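Peer 1: With chain U fixed as given, assemble chain G onto it according to the hints.
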Amino acid sequence: MSRTSDLRGATAPHELHPAERPGVLVKPGADPVLRATGIEKWFGENHVLRGASITVWPGETVCILGRSGSGKSTFLRSLNFLEDPTDGRVEIDGVSVAADPFRREGKQRLARIRELRMRAGMVFQEFNLFPHLSVIENCIEAPLHVKGMPRKEAEEIAERYLDKVGLLDKRDEYPSRLSGGQRQRVAIARALSMQPKVLLFDEPTSALDPTLVGEVLKVMADLAHEGRTMIVVTHEMDFAHEAADRVYYMDQGEFAEVGPPEQVIDAPQDPRTAKFLSRFRTLGGKK
Amino acid sequence: MAKPLGLQSELAAAVAKNDRRRERAWRLHFRLVSAGILALILLFIITYLNVEATFISRAAPFILAGAGLTIGVSLLSITLATLLATFGALGRLSRSATANAIASFYVSFFRGTPLLLQLLFWYLALPQVGIVLDPFVCAVGALGMNYGAYMTELFRAGIQAVPGGQREAAVALGMSESTAFRRIVAPQAFRIIVPAIGNDFVAMLKDSALASAVTLQEILWRAQNIGRKEFKSLQTLLIAAAVYWVLTIAFTAVQNRVEARLAAGDRHKEVKG
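These protein sequence lines are chains U and G, in that order.
The opening position of the first sequence corresponds to residue 1 in this note's numbering, with each subsequent residue numbered one higher.
The opening position of the second sequence corresponds to residue 1 in this note's numbering, with each subsequent residue numbered one higher.
Same shape as in the complex, but just chain U:
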């Protein structure tokens, strides 16, 4: 299918495919918040990402689906350079960083990567809360020591987001006293406290007890509906269907299909997407 090759274009200027049209919430003429172009990743001989590109507009929620090992987590982690891509370029809110596999650029690039990371909040599968810090300290640590924000202001912001995820009453608790769902919600508040332009979720419910998945997804859906820009790598089909403006389906390191959930999930055009989803249905997953 020609769509696939259109989305590759490794070093060519990023051209928008019709399927990548911004979702319904996007105001006309808006600039993308995040644009990743031709991301390639080799782990030794293993070609994990094959020129994957993504464009996300303000207010959009984009879900990345795909089977385990398809490269979707690696792709997400390339967006804030937790994984250094072999080739490609990422631009978030005007900060642009290119792959530098030979490490020719030095400190200046590291500084730009930090700028980029400050604009992209990340939520991990394993929460990664700081166990030696209380909930509020977890949230203000980076505003204080990265942005140099005054403590009072940082706490006010953090409290607002803790309230949003429904955990303001756990303000002074330590992470070890929280349930998995609560920990992940604190992790979301921690990411929000840096006031990023885009939130990156790396399978945020995969490490959770099934009974706790709902509370996290609800917070995420609320954020999506209030117009946060989010990229969510997930296996939660219902969430993708309900909250996503657009869905990217990744297969073997490239995006096989892009479009609104009604298309990609309900009526997949690409045979690979169709096969993946049919497996979901036979396993009893709802569409």
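Derived by calculation from the structure, the hints in this document are not laboratory data.
Any given hint could be a false lead.
Unchecked claim - Calculated cross-link-like contacts (lysine to any residue; reagent style SDA-like; alpha-carbon spacing at most 20 Å):
no., chain 1, residue 1, chain 2, residue 2
1, U, Lys147, G, Ile249
2, U, Lys107, G, Arg167
3, U, Lys147, G, Ser96
4, U, Lys164, U, Leu223
5, U, Lys107, G, Ile249
6, U, Lys107, G, Glu177
7, U, Lys164, U, Ser179
8, U, Lys218, U, Gly59
9, G, Lys206, G, Ile249
10, U, Lys107, G, Ser94
11, U, Lys107, G, Ala209
12, U, Lys107, G, Ser96
13, U, Lys147, G, Glu177
14, U, Lys147, G, Arg167
15, U, Lys107, G, Thr179
16, U, Lys147, G, Arg95
17, U, Lys147, G, Ser178
18, G, Lys232, G, Leu43
19, U, Lys147, U, Arg112
20, U, Lys107, G, Arg111
21, U, Lys147, G, Ser94
22, U, Lys107, G, Glu168
23, G, Lys206, G, Phe181
24, G, Lys206, G, Arg111
25, U, Lys147, G, Phe181
26, U, Lys197, U, Ser96
27, U, Lys197, U, Pro101
Just so it is clear, the structure is predicted and the values come from calculations on it, not from any experiment.
Peer 2: The following block gives chain G in isolation, referenced to the frame of chain U:
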């Protein structure tokens, strides 16, 4: 087939009671044997040695007077060792080839040669190149550098025991590598390392006896000195052993308390301003 509830709770109570009785019996047994061993040793000392009250009342205070030096040397040495181990561990984990080479060499050399030799080197060899040091300085330097080498590996393991996701979460928030280490990784590594530092301190208390070889007048030096002079080494060495033993028991107790507090404090720390 379920028994009536009343019977079940009676059974549970009886089991608990029996468990408690066994526990008490075990502890009593333990104490009896310990007391027996101590009594045997005392009996041996009293019957086979000339316990001369006058000699012991003279020797014991003299030997005990070295305890301050033993503790002082150990405290200073463990401080030096902790400092060196911190730099050593950072070097071993560093990407810099220079830092890594220096740290690796340090660890390899100081772990690969006898502590007594290192101590004598400070005291006997350095004067040959014009560096003459006080025995106290020699002891602290040798013990600190030797323990620092061992503790380097310990610190490194402690830092590596902090899950990689912690560093990742920190840098994902925009922290630099050094801020992430200082604010997030190091405090967690510290909690892992502290009990081990306590262990090493207790070991150091005993290894400081080696400093008697460079005429530092600590516990063992005093015991040897007075024992040889009056041909009563058996008495004086036993006194020295008792002093060391009491010291290690005391510091082990302190260490256990610190450890318990660290473990509990994690969860119930008070709110800081």
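Peer 1: Each hint should be assessed against the structure and marked as holding or not.
Peer 2: To see whether the hints hold, each was checked on the structure:
1. U:Lys147 / G:Ile249: violated, 49 Å
2. U:Lys107 / G:Arg167: holds, 19 Å
3. U:Lys147 / G:Ser96: violated, 28 Å
4. U:Lys164 / U:Leu223: holds, 9 Å
5. U:Lys107 / G:Ile249: violated, 52 Å
6. U:Lys107 / G:Glu177: holds, 12 Å
7. U:Lys164 / U:Ser179: Roughly 17 Å separates the two Cα atoms, so the pair holds.
8. U:Lys218 / U:Gly59: holds, 17 Å
9. G:Lys206 / G:Ile249: With Cα atoms ~12 Å apart, Lys206 (chain G) and Ile249 (chain G) stay inside 20 Å; holds.
10. U:Lys107 / G:Ser94: Cα-Cα ~17 Å, so holds.
11. U:Lys107 / G:Ala209: violated, 50 Å
12. U:Lys107 / G:Ser96: holds, 15 Å
13. U:Lys147 / G:Glu177: This hinted pair holds, its Cα atoms lying about 15 Å apart.
14. U:Lys147 / G:Arg167: holds, 18 Å
15. U:Lys107 / G:Thr179: Given that 20 Å is the threshold and the Cα spacing comes to 15 Å, the pair holds.
16. U:Lys147 / G:Arg95: Violated: Lys147 (chain U) and Arg95 (chain G) sit about 27 Å apart, past 20 Å.
17. U:Lys147 / G:Ser178: Judged against 20 Å, a Cα distance of about 15 Å means the pair holds.
18. G:Lys232 / G:Leu43: Holds, at roughly 18 Å.
19. U:Lys147 / U:Arg112: Distance of about 14 Å is within 20 Å: holds.
20. U:Lys107 / G:Arg111: Not satisfied, since the Cα-Cα distance of roughly 37 Å exceeds 20 Å.
21. U:Lys147 / G:Ser94: violated, 26 Å
22. U:Lys107 / G:Glu168: holds, 19 Å
23. G:Lys206 / G:Phe181: violated, 34 Å
24. G:Lys206 / G:Arg111: Holds: Lys206 (chain G) and Arg111 (chain G) sit about 18 Å apart, inside 20 Å.
25. U:Lys147 / G:Phe181: holds, 17 Å
26. U:Lys197 / U:Ser96: holds, 14 Å
27. U:Lys197 / U:Pro101: Violated: Lys197 (chain U) and Pro101 (chain U) sit about 26 Å apart, past 20 Å.
In summary, the numbered hints that this structure violates are 1, 3, 5, 11, 16, 20, 21, 23, 27.
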